[in-house]
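Colleague: Each chain is listed here by its residues.
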Amino acid sequence: DTGVSQDPRHKITKRGQNVTFRCDPISEHNRLYWYRQTLGQGPEFLTYFQNEAQLEKSRLLSDRFSAERPKGSFSTLEIQRTEQGDSAMYLCASSSKRRDSQFLPNTGELFFGEGSRLTVL
Amino acid sequence: TQLLEQSPQFLSIQEGENLTVYCNSSSVFSSLQWYRQEPGEGPVLLVTVVTGGEVKKLKRLTFQFGDARKDSSLHITAAQPGDTGLYLCAGGSWGKFQFGAGTQVVVTP
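Heads up: the protein sequence lines correspond to chains A and B, in order.
Taking this note's numbering, the leading residue of the first sequence gets 1, the next gets one more, and so forth.
Taking this note's numbering, the leading residue of the second sequence gets 1, the next gets one more, and so forth.
Among the clues, some could well be false.
[To be verified] Restraint ranges, calculated between C-beta atoms of paired labels, are given here:
#: 1; chain 1: A; residue 1: 7; chain 2: B; residue 2: 10; range: 28 to 34 Å
#: 2; chain 1: A; residue 1: 17; chain 2: B; residue 2: 67; range: 46 to 52 Å
#: 3; chain 1: A; residue 1: 76; chain 2: B; residue 2: 108; range: 39 to 45 Å
#: 4; chain 1: A; residue 1: 85; chain 2: B; residue 2: 5; range: 21 to 27 Å
#: 5; chain 1: A; residue 1: 18; chain 2: B; residue 2: 10; range: 35 to 41 Å
#: 6; chain 1: A; residue 1: 119; chain 2: B; residue 2: 18; range: 37 to 43 Å
#: 7; chain 1: B; residue 1: 67; chain 2: A; residue 2: 7; range: 40 to 46 Å
#: 8; chain 1: A; residue 1: 51; chain 2: B; residue 2: 58; range: 29 to 35 Å
#: 9; chain 1: A; residue 1: 26; chain 2: B; residue 2: 59; range: 20 to 26 Å
#: 10; chain 1: A; residue 1: 66; chain 2: B; residue 2: 67; range: 40 to 46 Å
#: 11; chain 1: A; residue 1: 74; chain 2: B; residue 2: 5; range: 19 to 25 Å
#: 12; chain 1: A; residue 1: 53; chain 2: B; residue 2: 55; range: 36 to 42 Å
[To be verified] Dumping the calculated DSSO-like pairs for lysine-lysine here, alpha-carbon to alpha-carbon at most 30 Å:
#: 13; chain 1: A; residue 1: 57; chain 2: A; residue 2: 14
#: 14; chain 1: B; residue 1: 56; chain 2: B; residue 2: 70
#: 15; chain 1: A; residue 1: 11; chain 2: B; residue 2: 96
#: 16; chain 1: A; residue 1: 11; chain 2: A; residue 2: 71
#: 17; chain 1: B; residue 1: 59; chain 2: B; residue 2: 70
#: 18; chain 1: B; residue 1: 96; chain 2: B; residue 2: 57
#: 19; chain 1: A; residue 1: 57; chain 2: B; residue 2: 56
#: 20; chain 1: A; residue 1: 11; chain 2: A; residue 2: 57
#: 21; chain 1: B; residue 1: 56; chain 2: A; residue 2: 71
#: 22; chain 1: A; residue 1: 57; chain 2: B; residue 2: 70
#: 23; chain 1: B; residue 1: 96; chain 2: B; residue 2: 70
#: 24; chain 1: A; residue 1: 57; chain 2: A; residue 2: 71
[Claimed, not checked] Covered stretches of chain B, as calculated for chain A (at least 3 residues, CB under 8 Å):
#: 25; stretch: 10-22
#: 26; stretch: 74-84
Simulated from the structure, these hints should not be mistaken for laboratory data.
Beta carbons: idealized from backbone N, C-alpha and C, even for Gly.
Sequences are here, hints too, so could you generate the full structure?
Modeller: The structure is reproduced here in C-alpha cells:
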C-alpha cells in the first residue's frame, strides 16, 4: 500500500498527558500537511512542510502543538499537556510539487490519510 | 471561522433522485476543490476547478465554478447509495486550504 498512513488510528488519553501522532506520506511526495477536524466541521489547516522545512506554522492552535519532519519523510505531530478541547481527528495529507497533467502547479491534489482520532478524558 | 459556507448542511434523498449542494464565499479563490469523505476516512479529492464559469463532469457528478470564482456547486444526477458521504469544498492554493463544514448526503435505496 503506497497511500498516506497514520498511527495510531485512535488515542485515548487523560487531560495533561502528551500525545504524538505519526504520518508516513506517499514516498515521492515532498509536501506534507497536518489538518484537524472536529465533529460537524471541515478540516482545519494547521501546518505544512516542504521536504524537511516547515513553511507555515502560524496556524498551529497553541504553543502546546508542534510538528517535525526531520528527514523530509515521515512527520510527527505532538500535543503537550492535552486538554479536552484537543479531542478531534488529526488528518495528515501529502502532495507533490510535480506538475500534474490534470492540475495547474499552484493547486495541488491532497492525498489524505485515514486520520488519528484523539479523545482526551 | 470557515470562509466557505456550504449548503445545505444535510440532505437525505431516495436513490435515483437528483441533488445539488452549494459552496459560497465572500472571497475570491484561485481554485476550488471538492472532496468526499466517508466515516472514519480521510477526504478524497473529486475535482479541482480553476477558471471562472468552468464546468467539469465526472460521470454523474457535475461541478461548476462561479464566474467570479467565489462560489461553486456540485450536482449529482440519479444518485446512488454509493454517493453517500460528506461533501467538502476547499479553496486556496498549495494545500493550504480553507474547507467548508461540508454537506452530509445520504442516499437511501
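Colleague: Next, verify each hint and record whether it holds.
Modeller: Results of checking the hints against the structure:
Judged by the Cβ atoms, the range 28 to 34 Å given for residue 7 of chain A and residue 10 of chain B holds: they are separated by roughly 32 Å. Remark: the range hint 46 to 52 Å for residue 17 of chain A to residue 67 of chain B is upheld by a beta-carbon distance near 51 Å. Evaluation of the 39 to 45 Å hint for residue 76 of chain A and residue 108 of chain B yields a pass: the beta carbon distance comes to about 41 Å. Between residue 85 of chain A and residue 5 of chain B, the C-beta spacing of about 24 Å keeps the proposed range 21 to 27 Å intact.
In this structure the hint that residue 18 of chain A and residue 10 of chain B lie 35 to 41 Å apart at CB holds, the actual value being about 37 Å. At roughly 39 Å, the beta-carbon separation of residue 119 of chain A and residue 18 of chain B lies within the given 37 to 43 Å, and the hint holds. At roughly 44 Å, the beta carbons of residue 67 of chain B and residue 7 of chain A sit within the given window of 40 to 46 Å. Distance hint check for residue 51 of chain A and residue 58 of chain B: the Cβ-Cβ separation is about 32 Å, which falls inside the suggested range of 29 to 35 Å.
Between residue 26 of chain A and residue 59 of chain B, the C-beta spacing of about 25 Å keeps the proposed range 20 to 26 Å intact. At about 42 Å, the CB distance of residue 66 of chain A to residue 67 of chain B agrees with the hint of 40 to 46 Å. Between residue 74 of chain A and residue 5 of chain B the CB atoms are about 35 Å apart, so this pair departs from the stated range of 19 to 25 Å. A beta carbon spacing of about 38 Å between residue 53 of chain A and residue 55 of chain B agrees with the range 36 to 42 Å that was offered as a hint.
In summary, the hint linking residue 57 of chain A to residue 14 of chain A is supported, as the alpha carbons are separated by about 26 Å, within the 30 Å threshold. Restraint check for residue 56 of chain B and residue 70 of chain B: satisfied, since their Cα atoms lie roughly 16 Å apart, inside the 30 Å limit. This hinted pair checks out: residue 11 of chain A and residue 96 of chain B have alpha carbons roughly 26 Å apart, not beyond 30 Å. As the CA atoms of residue 11 of chain A and residue 71 of chain A are separated by approximately 25 Å, the hinted pair is consistent with the 30 Å bound.
At roughly 24 Å between alpha-carbon atoms, residue 59 of chain B and residue 70 of chain B fall within 30 Å of each other, so this suggested pair holds. The hinted pair formed by residue 96 of chain B and residue 57 of chain B meets the criterion: a straight-line CA distance of about 25 Å does not exceed 30 Å. Restraint check for residue 57 of chain A and residue 56 of chain B: not satisfied, since their Cα atoms lie roughly 34 Å apart, outside the 30 Å limit. Annotation: proposed proximity of residue 11 of chain A to residue 57 of chain A holds, straight-line Cα distance about 24 Å (limit 30 Å).
A distance of roughly 39 Å separates the Cα atoms of residue 56 of chain B and residue 71 of chain A; the hinted pair therefore is violated under the 30 Å criterion. At roughly 26 Å between alpha-carbon atoms, residue 57 of chain A and residue 70 of chain B fall within 30 Å of each other, so this suggested pair holds. Straight-line distance between C-alpha atoms of residue 96 of chain B and residue 70 of chain B comes to about 17 Å, which keeps the hinted pair within the 30 Å bound. Only pairs whose Cα atoms come within 30 Å are accepted, and residue 57 of chain A paired with residue 71 of chain A is accepted, the gap being roughly 18 Å.
A count of 0 residues in the stretch 10-22 of chain B with a Cβ less than 8 Å from any Cβ of chain A is obtained; the coverage claim is therefore unmet, three being the minimum. Against chain A, the stretch 74-84 of chain B contributes 0 residues with a C-beta closer than 8 Å to a partner C-beta. That does not satisfy the three-residue criterion, and the hint is violated.
Of the numbered hints listed earlier, those contradicted by the structure are 11, 19, 21, 25 and 26.
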